[in-house]
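*Asks:* One line per chain: the protein sequences are A and B, in this order. Every position in the first sequence, counted from 1, becomes a number in this note's numbering once 12 is added. Every position in the second sequence, counted from 1, becomes a number in this note's numbering once 1174 is added.
Heads up, a few of these hints could be off.
Stated by the list, open to error - Keeping only pairs whose Cα atoms sit at most 30 Å apart, straight-line, the calculated DSSO-like set for lysine-lysine is: (1) A:Lys-176 with B:Lys-1450; (2) B:Lys-1598 with A:Lys-286; (3) A:Lys-261 with B:Lys-1598; (4) B:Lys-1450 with A:Lys-286; (5) B:Lys-1612 with A:Lys-286; (6) B:Lys-1304 with B:Lys-1334.
Unchecked claim - Quick list of the computed label-pair ranges, beta carbon to beta carbon: (7) B:Thr-1604 with A:Leu-146: 41 to 49 Å; (8) A:Phe-51 with B:Glu-1430: 57 to 65 Å; (9) A:Ile-139 with B:Val-1216: 52 to 60 Å; (10) B:Val-1216 with A:Leu-165: 58 to 66 Å; (11) B:Thr-1306 with A:Leu-99: 40 to 48 Å; (12) A:Trp-136 with B:Asp-1242: 56 to 64 Å.
Everything labelled a hint here was simulated from the structure, so no lab data went into it. Note that the Cβ used here is the ideal one computed from N, Cα and C, for glycine as well.
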Amino acid sequence: MSETPAARAAAVTPPSVARKIRGLSDRAIAWIFVGPTIFLLLAINIFPLMWTIRLSFTDFKANRNREVEWIGLRNYQRILTDSDIWLNMQATAHFLFWTIFFQVVIGFTLAYLINKKFKGNDLWTTIIVLPMMLSPAVVGNFWKFLYQPQIGLFNYVIGFFTGKDPSSFEMLGQVNLAPWSIVIVDTWMWTPFVMLICLAGLRSIPDYIYEAAEVDRASKLRQFFTITVPMVLPFLMLAVLFRGIENFKMFDLVVQLTGGGPGSTTELTSINLKREAFEKWRTGYASAYAIILFVTVFGLASIYVKALNKVKER
Amino acid sequence: MKTIKLASVSALSIAAASLASTAQAEDLTLCWAAWDPANALVELSKEFESQSGHNMSFEFIPWPNFADRMLNELNSGGKLCDLLIGDSQWIGGGAENGHYVKLNEFFDKEGISMSDFADATVYAYSTWPKGTPNYYALPAMGDANGWFYRKDWFGRDDIKAAFKAETGRDLAEPKSQKELLEIAQFFQEREIDGKTVYGASIFTERGSEGITMGVTSALYPWGFKYENTPGSYDMEGAVNSPEAVEALEFYKEFYETATPPGYTNSYMGESLDAFKSGQVAMAMNWFAFFPGLYADPNTGGEKIDFFVNPPQNQAGSTLGGQGISVVAYSDKQDAALEYIKWFADPDVQAKWWSLGGYSAHNSVLNDPGFVDSAPFAGDFLEAMGSVQDFWQEPVYAELLLAMQKRLHDYVVADQGTAQEALDKLVADWTEVFEDEGKL
């Protein structure tokens, strides 16, 4: 007689417990298993979210001992009509768009190249993924040195190829360059992540599809656009989703590099939100700000996931 | 024989006293910023440990995170610190939010008189509401923003001659803000010993308080006022006065024409680095660093000298420094108060100054030998006579961050005009005070 997992579990269950369980329905047993998780979810996610929504309608400041006043939609109205916050949103959108664009283009290209069999393939893969293994704080710090106008390697290299004086431009200090400086560092760090996802996609395409295309005398370019791209697209879209969510809340890297400056040029919404919540201690205001960001991300992510599902269904 | 008896009695008394105190010995934690004076305080506190039997631990936080870390600690009612040497601007919040123990009763009981300390420091570090006899801290570390320069470069004949030829006057410590800029511009990108050097390193940091501390060093000499009438929160025409606009434009010009490339986010550390690496002729920084700078083997000693922030329309220096407070959430308040009592002693204050701390005690400052006790002592006294501080309101952080943003936007990011920056600052501050119900 073969021993099933259920039979083994029954054998080791003490009789007193077995008697109690025997009387429970399947639904009750399911609740016993799911209950702790639901409780944790409610305690750690849902309750704080509800509490934040409540606080967003008040003038509460966590560092002050004073009566909290209900001020309705005033916080929301202030945030949505504040031109400085819209500038932060623009800085975030610029950062999001260009980092994702470069990471997808370079990541996919690298994955395509790495997917070809050549000598040293594994070594190159390891070298390419190194940046994403580093801590953002470390990356921010050493790129700060690389960008240093007088001693930085980055400025030196640019100067070497363009003939410009390396100390004549400041990647982190000039309004027109600072937003690009953070895009470059994030792209350097996270392109390998996109590459790995694309590589997984490329390796999931069965060889026989290409062989069939070869038989049909499809050109390499045709094979690329009709087989490779459509079959990797769901993976690429997933990578975009991950990077989009990650970069929307980007904080550490940018704080290390520019601190949001020069002026407020690279002050992303996450940095601004942190300042409002934990430096100015405008808790109610910051709660409203967080809710607006949450709704924005949640809304955009939902639309995107629907699109992703449609692509998968094709 | 008499001497032996006396020695025996003394030894017994000390032993008894130490046994008694050991019985109630506490582990006290003192929190402060991580910088040169903090090391001096560790040294000084050894005497307290041996006298009281209490054990002292220290929690020193790097300056850029000091306010964040400590204010979070206070706001959460944390028990990490029994004693806190907090920034002067925190006094309002410390008092109104109940973070600091009010010390009046203790001072009266122990005979500690605030008139024994320099008036400016008592006003700035101890009182809330400002200027009232309600004390929440003992002045611990007097400080102001000052300047230091390469005395060896200023003394070289070739440089002196070049300066005279360029400006028509002798190269010497500046007597006004405009002279300061002129000297800095003279040194900007000048070749000295085969190396390109720059004018001066100034504060431009965005994240905490850097650029505000730097710009106010120009604003105060131009006659900047926070309010038209003290206590009225009436800022229109004061904060954005023509003098303030001129001072802000001056600072921007200084930043653009007389600082090393890449100094877009620099504060204390960057200023010290620039000077010690021989990159700049002059630098602004807090007096607290001056003992360490003077002792530096490469750029200190005969190569360095110091001057007070130059006047323009009037004398004015940005106040630094801190008072020492007992944290209201501490379970060891009695022992913490013992430390304050010990620290207020004139002999301890004299030793504090000798170790590199800036005592605010009159017995130290008025000592006839004080001015000659260090090359920067006279400048320190002069600076403390004309210091001005930032808002010390409980909402100081909101006020400070608004100023950081407006100043950095204008000075470093080159956005808008000085008038617009200060007008926006008035609007920001007005909103903050309206939220507080003060306007």
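*Asks:* Could you run down the list of hints and mark each one as holding or not?
*Replies:* Against the structure, the hints come out as follows:
Of the supplied pair hints, the one linking Lys-176 (chain A) and Lys-1450 (chain B) holds, its CA atoms being roughly 28 Å apart against a limit of 30 Å. Our distance criterion of 30 Å between C-alpha atoms is met by Lys-1598 (chain B) and Lys-286 (chain A), whose separation comes to about 22 Å. The suggested pairing of Lys-261 (chain A) with Lys-1598 (chain B) holds, with an alpha-carbon distance near 28 Å, which does not exceed 30 Å. A hinted pair counts as satisfied when its Cα atoms are at most 30 Å apart, and Lys-1450 (chain B) with Lys-286 (chain A) does not qualify at roughly 34 Å.
The hinted pair formed by Lys-1612 (chain B) and Lys-286 (chain A) meets the criterion: a straight-line CA distance of about 26 Å does not exceed 30 Å. Distance hint between Lys-1304 (chain B) and Lys-1334 (chain B) is unfulfilled; the C-alpha atoms sit about 46 Å from each other, more than 30 Å. Between Thr-1604 (chain B) and Leu-146 (chain A) the CB atoms are about 45 Å apart, so this pair conforms to the stated range of 41 to 49 Å. One distance hint, 57 to 65 Å for the beta-carbon pair Phe-51 (chain A) and Glu-1430 (chain B), holds here, with the actual separation near 59 Å.
Taking 52 to 60 Å as the suggested C-beta distance range, the pair Ile-139 (chain A) and Val-1216 (chain B) does not conform, at roughly 46 Å. Separated by about 39 Å at the C-beta atoms, Val-1216 (chain B) and Leu-165 (chain A) break the suggested range of 58 to 66 Å. Between Thr-1306 (chain B) and Leu-99 (chain A) the beta carbon distance is about 41 Å. The supplied range of 40 to 48 Å therefore holds. Distance hint check for Trp-136 (chain A) and Asp-1242 (chain B): the Cβ-Cβ separation is about 42 Å, which falls outside the suggested range of 56 to 64 Å.
In this structure, the earlier hints numbered 4, 6, 9, 10, 12 are contradicted, and the remaining ones agree with it.
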